[in-house]
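Q: Here is what each chain is made of, one letter per residue.
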Amino acid sequence: MKIPLIYNVRSVMQRPVSTAFTALGIGLVVAVFVAMLALANGFASALTKTGGDDNLLVMRKGADSELSSGISRADMNIIASFPQIATGSDGRPLVSPETYVVLNLPRKGPDSTLLANVVMRGVSQRAFEVRKNIKVTGRTFNNGQSEVCVGEKLAARYRNTAIGERMRFAGREWTVVCHFTADGSSFESEVWGEAEQFQGAMRGGNSYQSVTLRLADKGGFEEAKRALMGDQRLQVDAHLESTFYADQSKLLGRILSFLAVMITGIMSVGAVFGAVNTMYASISSRTPEIAVLLTLGFKPHSVLLSFLVESAVIAFIGGVLGCLIALPINGMVTSTTNWASFSEVAFAFRITPSLLVSGLVFAVVMGVVGGFFPARKASRMPVVQALR
Amino acid sequence: MRFIPLVLSNLLRQKLRTTLTVMSVALALFLFASLRSVVTQLEISGQVGAANRMIVQNAAAFIFPLPQSYANRLATVPHVTGVTWANWFGGKYGDGKKFFGPFAVDPVSYLDIYKNDFIIPPEQKEAFLRERTAAIVGPGLLKAFGWKIGDDVTLQGTIFPGDWTFTIRGTYALKDPAYGDEQFLFHYDYLYERNKENVTPGWFILRIDDPQQSGVVAKAIDDEFRNSTAPTKTGTEQAFSAGFVTLFGNIQLLLGTIGMAVVFAILLIAANAMLMNQRERTGEIAVLKTVGFTDRTIFTLVIVEAAVIALTGALIGLGLAIILPKATGFNAFGFLPGFHVTGGTAIVGAVIALFLAVVSGFTPAYQAARLPVVQALRRVE
Amino acid sequence: MALVQIRDVYKSFRRDTQSVDVYTGLTVDFAEGSFTALMGPSGSGKSTLLNLVAGLDRPTSGSVRVGGAEVGTMNTSQLATWRSRTIGFVFQSYNLLPVLTAQQNVELPLLLTHLKKRERAERVAIALGVVGLTDRMDHYPRQLSGGQEQRVSIARAFVADPQIILLDEPTGQLDSKSSEEVLSLLQRLNGEFNKTIIMVTHDAKAAERAKTVLHLEKGVLMERQEAHA
Chain C
1 MKIPLIYNVR SVMQRPVSTA FTALGIGLVV AVFVAMLALA NGFASALTKT GGDDNLLVMR
61 KGADSELSSG ISRADMNIIA SFPQIATGSD GRPLVSPETY VVLNLPRKGP DSTLLANVVM
121 RGVSQRAFEV RKNIKVTGRT FNNGQSEVCV GEKLAARYRN TAIGERMRFA GREWTVVCHF
181 TADGSSFESE VWGEAEQFQG AMRGGNSYQS VTLRLADKGG FEEAKRALMG DQRLQVDAHL
241 ESTFYADQSK LLGRILSFLA VMITGIMSVG AVFGAVNTMY ASISSRTPEI AVLLTLGFKP
301 HSVLLSFLVE SAVIAFIGGV LGCLIALPIN GMVTSTTNWA SFSEVAFAFR ITPSLLVSGL
361 VFAVVMGVVG GFFPARKASR MPVVQALR
Chain P
1 MRFIPLVLSN LLRQKLRTTL TVMSVALALF LFASLRSVVT QLEISGQVGA ANRMIVQNAA
61 AFIFPLPQSY ANRLATVPHV TGVTWANWFG GKYGDGKKFF GPFAVDPVSY LDIYKNDFII
121 PPEQKEAFLR ERTAAIVGPG LLKAFGWKIG DDVTLQGTIF PGDWTFTIRG TYALKDPAYG
181 DEQFLFHYDY LYERNKENVT PGWFILRIDD PQQSGVVAKA IDDEFRNSTA PTKTGTEQAF
241 SAGFVTLFGN IQLLLGTIGM AVVFAILLIA ANAMLMNQRE RTGEIAVLKT VGFTDRTIFT
301 LVIVEAAVIA LTGALIGLGL AIILPKATGF NAFGFLPGFH VTGGTAIVGA VIALFLAVVS
361 GFTPAYQAAR LPVVQALRRV E
Chain Y
1 MALVQIRDVY KSFRRDTQSV DVYTGLTVDF AEGSFTALMG PSGSGKSTLL NLVAGLDRPT
61 SGSVRVGGAE VGTMNTSQLA TWRSRTIGFV FQSYNLLPVL TAQQNVELPL LLTHLKKRER
121 AERVAIALGV VGLTDRMDHY PRQLSGGQEQ RVSIARAFVA DPQIILLDEP TGQLDSKSSE
181 EVLSLLQRLN GEFNKTIIMV THDAKAAERA KTVLHLEKGV LMERQEAHA
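Protein chains in written order, with the working numbering: chain C, 1 to 388; chain P, 1 to 381; chain Y, 1 to 229.
The set of hints was computed from the structure by calculation and includes no laboratory data. Hints are not guaranteed to be accurate.
Claimed, not checked - Just so you have them, the derived chain P footprint on chain Y, three or more residues with Cβ under 8 Å:
hint	stretch
1	54-61
2	71-81
3	84-93
4	96-104
5	107-117
Unchecked claim - Every beta carbon over 12 Å from chain C, so not counted as near; a handful from chain P, in silico:
hint	residue
6	Phe3
7	Gly140
8	Asp189
9	Pro211
10	Thr312
If you're wondering where the values come from, they're calculated on a predicted model, not measured in any experiment. Where is the CB? At the ideal position from N, CA and C, for every residue including glycine.
Here chain C stands alone, though its shape is the one from the complex (with noise of 0.2 Å):
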């Protein structure tokens, strides 16, 4: 026999403030758990989408990243000539050796002196093939030219990154001629120009810090990172792109998903503890009423589940009222370092719909558990006693 829901619906109206309370504070727990999600959601996202599972990158054994990377021009050539490489369109391989630096450029915003550790990519056209999740908007830069493409997150946040404009860093200008994007991946914070014209203004030499190649046949990682590896002739180390890039992100992505924990665990206590409260007063004031049910005939347990329906529903009204106030923050970029190279990483808050669903359930957990031991205690009462 169960009791019906518009009984616990007219009790709930009965308190309409201490109701929105409860439901209010477990929405702010919610809310800031979406949030942070979403925050370690955006960043990881960002690394791990940077570079495909299909694609190889080399670089110098030992070489932690890129940018204490280094491979001769002699080695890029003996690596480009792999029988595991896929070919492209021109019949030639697909492999993109590339240099890679960190410069300083200035910040849009009102103080000039607001730098940022900027990763600059010298690239060839190959590079934009190898890729396959590069979008390009304008031309890219010509042979030759002190041209350069600008990642759309870093278009947005940096200064004189428009078509057309001319950025001015390692004493020279150069001609912004396209944008690009990357899936929202890391590369998007990045700047690429012709490795020629980058290794001649900055590192100097003739040589790259990483060779990007796509293996011809998707599975066949383990065998071109053994055949590339074993070469006597090199000394290098061959990771997978796309892990490569997730893993640089696995320090910060702990320590996210760490502070994410402990804020929305101690919160999420907190907001139990209210909700207990609600429950226990509720029940209290409820007491001749409960009596009553269980006079009429109304079993203990259907008394239980009334009430921690009771709590469950207050804690997902809750709940949605947390997801609708993290909301908004779907998509806004922000920025952080990514370590391992101490460059600018920009990425934006991603609110799944998987994670709106964990955080429903998360607060229809709270409101479980917040209502159970009062729930219990309705359940148990002595009939006599509360009816006195």
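Dock chains P and Y against the given chain C, drawing on the hints supplied.
A: For chains P and Y alone, kept in the frame of chain C given last:
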């Protein structure tokens, strides 16, 4: 004073509920104090540095080194009384999961310039200076890896490939914990010998005789090297630290917003608890009024009750926030050396608790004070 | 001059949209040292009379004077202070504070005086002695029987030494033995301590103990009986 037993009895009437409310206030203030401490700690980290020290970097980017020859030229700049240099080594130990940054430093001049900040026992210092492969390692790092003085440790170079073995000859104590207890310092010459063709100093550190002149010194240096192959960017050590802190991104805003949400959520919970308590006591308040309690006394009683809850919670929460980092040595994976709750944070926390007391107590207190006796009594009878 | 003078009092309540008249010109006196039982059916305005005398409620028009003071003209704060010195109130359902012991409940009105802690304790001990509950002073209300609770609430009503004690159905929830005890106590307070007592009751036996019995019906004084004793 004479009403204290009354307030206490009311608080103890619903022990569970009072405890839960106190605990939620405590949790909120714990969280608030901890979050704010992250922000203040970052600010402190951004101010690390002596006023009389300056850093000279490559103007293009910090990853580019500077020529060794600059050392002598820098020493001749007016107001400069000491020059040393260091290099970012970028090694990892074991599985590489623990992040730390070994520096190659010019031993004699470096320890001289930092002699007031890193306190090293004289015999350890001597042992370090004597031996080319010796290292000085911070106490935090010794603890993290289980190293001790005299150990040989091998790091894998990430920028400078290969295995590098060092002998730990000393450790240090810090005057200012914000310098970090996870430093790893070794001889610049050891690095240079194995990489003669591509090692030059990463940055120079200067000591000047008059902090007031730092702007003049910076301008003189940057002007001197403007048209050379490696232009410089010179600033105070504090500006250097501040630049490092900005790398974290806008943490202040993030944590500030969360802190607000936490405080607000707990405000709701505390206010709710007080409201419910008062609603249940409507009849009793009416009785007190027939006995002759004035509206003002009743108002005060309720506010005091709210205050006791808020302040007890604050005491527990802030106390935990102060004690826990000390007890556990929490430093956020090494990013926040010397993490602690500042006096300012404790005061702000206490103010929030007071605010909490007033706001959560006001409505129920007002309602209680304004309660019409006859109506309330009718409900009682 | 009578201690309590009620002159030409009109009183009406608003219940939702309807206006209900309780009194349409009630005039009655209660002399100092009197012990009056107020009887009458439900809704006859007995309790409202107590509320008016205690200053808990105000007449719509007319005058309520107690000890020469016009109750209706005092503000709430003055009323509260005046009440704590002049009136003791006893309810049908005792209304002791459940979180306080018998002793602390009785002490409540004394907290509003300037008495020192020790003096307060003495007064409470005397009051509890009068009602015969010295050995129960540390008990909480739920540990007392109904009669004991009512005696504690009477002790609370006279501990501050008010001139007037108002009782609303004091024996309504008590068995006959406890009722007897309470009524004897009231007679003693009236006789020995010269308290003016006004008691609303349904119980004819209780009314017999009073010196005067007043019958109210629909807000009108119907008959007045003087006791022979």
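Q: Hint by hint, note whether the structure agrees.
A: Checked hints:
1. 54-61: Our answer is that it holds, as 3 residues pass the Cβ test (under 8 Å) against chain P, meeting three.
2. 71-81: holds (count 4)
3. 84-93: holds (count 7)
4. 96-104: holds (count 5)
5. 107-117: Contact hint for the stretch 107-117 of chain Y vs chain P: holds, 5 residues under 8 Å.
6. Phe3: Non-interface label on P/Phe3 holds, nearest chain C Cβ at 24 Å vs cutoff 12 Å.
7. Gly140: holds (17 Å)
8. Asp189: Non-interface label on P/Asp189 holds, nearest chain C Cβ at 21 Å vs cutoff 12 Å.
9. Pro211: Nearest chain C Cβ is 20 Å from P/Pro211, so the label holds.
10. Thr312: holds (14 Å)
Comparing the model with each numbered hint stated earlier shows that all of them hold.
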